[in-house]
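Trainee: We have chain A already, so just place chain Y on it with the hints.
These protein sequence lines are chains A and Y, in that order.
Take -9 as the starting number for the first sequence in my numbering and just add one per residue.
Take 2 as the starting number for the second sequence in my numbering and just add one per residue.
Just so you know, the hints here were simulated from the structure itself, not pulled from any lab data.
Check before you lean on any hint, since a few could be wrong.
[Said to hold, decoys possible] Among chain Y residues calculated to face chain A with C-beta under 7 Å, some are:
(1) LYS29
(2) ASP46
(3) ASP48
(4) PRO49
(5) ILE65
(6) SER72
(7) ASN103
(8) ILE150
(9) LYS163
(10) TYR168
[As the list claims (entries may be wrong)] Covered by chain A, according to a simulated footprint, are these stretches of chain Y (three or more residues, beta-carbon under 8 Å):
(11) 12 to 24
(12) 124 to 135
(13) 152 to 159
Don't be surprised by glycine CBs; every beta carbon is placed ideally from N, CA and C.
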Amino acid sequence: MGQTISEKIISNHVGNKVYAGELVISDVDGCMASDTTGPLTIKAFKAMGGKKVFNPEKCALIIDHAAPSPNERIANLHKMMRDFAKEQGMRLFEIGEGICHQVMVENQYVKPGDIFVGADSHTPTYGALNAFACGVGSTDLAAVMMTGKIWLKVPQTIKVHCSGKLQDGVTAKDLILFLVGKITVSGATYQAIEFCGEAFEGLSLASRMTIANMSSEMGAKTGIVHPKGLELDYDFSGITPDDDAEYIKTFDFDVSDLEPQVSAPESPDNVHNISNYEGTKINYAFIGTCCNGRLEDFNIAAKILKGKKIHPDVRMVIAPASQSVLLDAISNGSMTTLIEAGASLITSGCGPCVGTHQGVPADGEVVISAANRNFRGRMGNPKSNIFLGAPSTVAASAIEGKIVNPKKYLI
Amino acid sequence: MSTINTKIEAKAHVYGDHIDTDRIIPGKYTKTLDLSTLANHVLEDLDPNFNKIVQQGDILVAGINFGCGSSREQAPLALKQSGVSVVIAEDFARIFFRNAINIGLPVLEIGKHNIQKGAELSIDLKNGKVTDLSANKTYAATKLPDIMIAILKEGGLVNYLKKNGTYTL
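This is chain A alone, in the form it adopts within the complex:
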């Protein structure tokens, strides 16, 4: 019987052919925790009798959710992480080095065909690399660090096939918002998603990361992009599904006419064509996060903002997904363009997306954000409203002080 990508990757790890529904205990190729989940992970690791992590080369801690520390309580949690990493001989990514998912990919902690477990819900991002990656909580992660293994149920898979090429000015973010709107926030719960078809084949690694990242907004255990068209700096052999693989559901969309999308408050699946919300006044524009804080995102924003100023009633915050992204955006001039236009650059990290510091909106304010979540209170104030869109939409809206279709700035 044919296998899906997830079934193949898990089979390769457990040494026999497994199919959806089976419970397995699998070896893990890598794991990580952030400063939201890491301290509880360390506490659980010690409580369960952990002495040494299973392999310090395959474990990492990242300080990204509240970096640099905004208060003494968090400063002490960061210290706890630094001390643990030193004691274990494992790498700790310091403040400003970047967002966990970005640095895991950049530093090759995860590669095609791997099983990776991260204590962060957006761990499926590595599905861009054709890896099986899933998010867990702190105690599960502590167990992975101790044993090098995880128990899981081989998931059923939803196949998402998109034909057609995206129009100019329409990006991977618009595509994934469209899909979240169609599949809904619980449409893939406990399941894997496979993304395939022409619309994904021409996408860069960064765009594929945007796609796989929002698998978690559909409840998926993992979201894997078909490797066709994937280009990496190193040699790899992609895992493809068998022709007779069994899917629980198949979606087929022609996306050649797709227009830019926005997700309106207060759920990521409240997705609409941008024309439905054009003219909505905004106070705050944000580009960054594990979803859209990469070089191509700042490049497209810079293309739109080149020689222009953001609207006087709008403030704009930008947070590169890593130091490496920041340095590249400095080298190619995008960063200068954005700062000259009026954007405020903050430390690489999760920043405003998790509502801890670095840009909490005021009561009644409206945010246009390139992030992946717009739940009530997400950015730290339950009395504000968050719209999600592509970096291009955020940049164009920042110029006009209202939600606008970015196409006119790009074509």
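Mentor: Frame of chain A, contents of chain Y only:
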């Protein structure tokens, strides 16, 4: 010896669908190891009164996709610390579901239900039965995989691994 009560009788606090982890415990309060801080802010953006009215042993009841969003284990920890003894929902988001079991907070999926706010419920965890005493109706919960039952019996994954050293299916 189980560290979880297998028979629970208590009052239900009933909420709707898609209660995300930001509503269970906002991100700004998650960076702490102090469980009482978590409990002080539990569900505050959904129901600011919850923390004042919840009694030790009470039951939280919700609709579909409970606990969607972030992987923060602080969400089930906040509920448990506030006194919630079990969470019942039509279904759960997967990370929340694992996290709850891992910290020893029982969770039961019972599909579509009509449990009303304030209802008195009787829960038989061992047999996966939820009885709404106020409406005289019984719901059968989806059976947990054996490994989750084993983890829950130990009161969570920490104790399970302390005892066994590794997983067994």
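Trainee: Confirm or reject each hint.
Mentor: Here's how the hints hold up against the structure:
1. At about 5 Å, the closest approach between the beta carbon of LYS29/Y and any beta carbon in chain A falls short of 7 Å, and the interface hint on this residue holds.
2. The beta carbon of ASP46/Y comes within 4 Å of a beta carbon in chain A, closer than 7 Å, and the hint placing it at the interface holds.
3. Hint status for ASP48/Y: violated, given a least beta-carbon distance of 12 Å to chain A, over 7 Å.
4. Violation of the interface hint for PRO49/Y is found here, the shortest Cβ-Cβ separation to chain A being roughly 10 Å, above the 7 Å cut-off.
5. With a cut of 7 Å, the hint placing ILE65/Y at the interface with chain A holds, because the nearest CB-to-CB distance is about 6 Å.
6. Hint on SER72/Y holds. Least Cβ distance to chain A is approximately 4 Å, under the 7 Å limit.
7. Look at ASN103/Y: its Cβ gets to within about 4 Å of chain A, closer than 7 Å, so that hint holds up.
8. Because the smallest distance between the Cβ of ILE150/Y and any Cβ of chain A comes to about 12 Å, over 7 Å, the interface hint for this residue is violated.
9. Residue-level restraint check for LYS163/Y holds (minimum Cβ-Cβ distance to chain A is 5 Å; threshold 7 Å).
10. Of the supplied interface hints, the one on TYR168/Y holds, with its beta-carbon coming within about 5 Å of a beta-carbon of chain A, less than 7 Å.
11. Residue count for the region 12 to 24 of chain Y with a Cβ under 8 Å from a Cβ of chain A: 4. That meets the three needed, and the coverage hint holds.
12. Counting residues of the region 124 to 135 of chain Y whose C-beta lies closer than 8 Å to any C-beta of chain A gives 0; at least three are required, and the coverage claim is violated.
13. With a cut-off of 8 Å between beta carbons, the region 152 to 159 of chain Y has 3 residues touching chain A; three or more are needed, and the interface restraint holds.
Comparing the model with each earlier hint shows violations of hints 3, 4, 8, 12; every other hint is respected.
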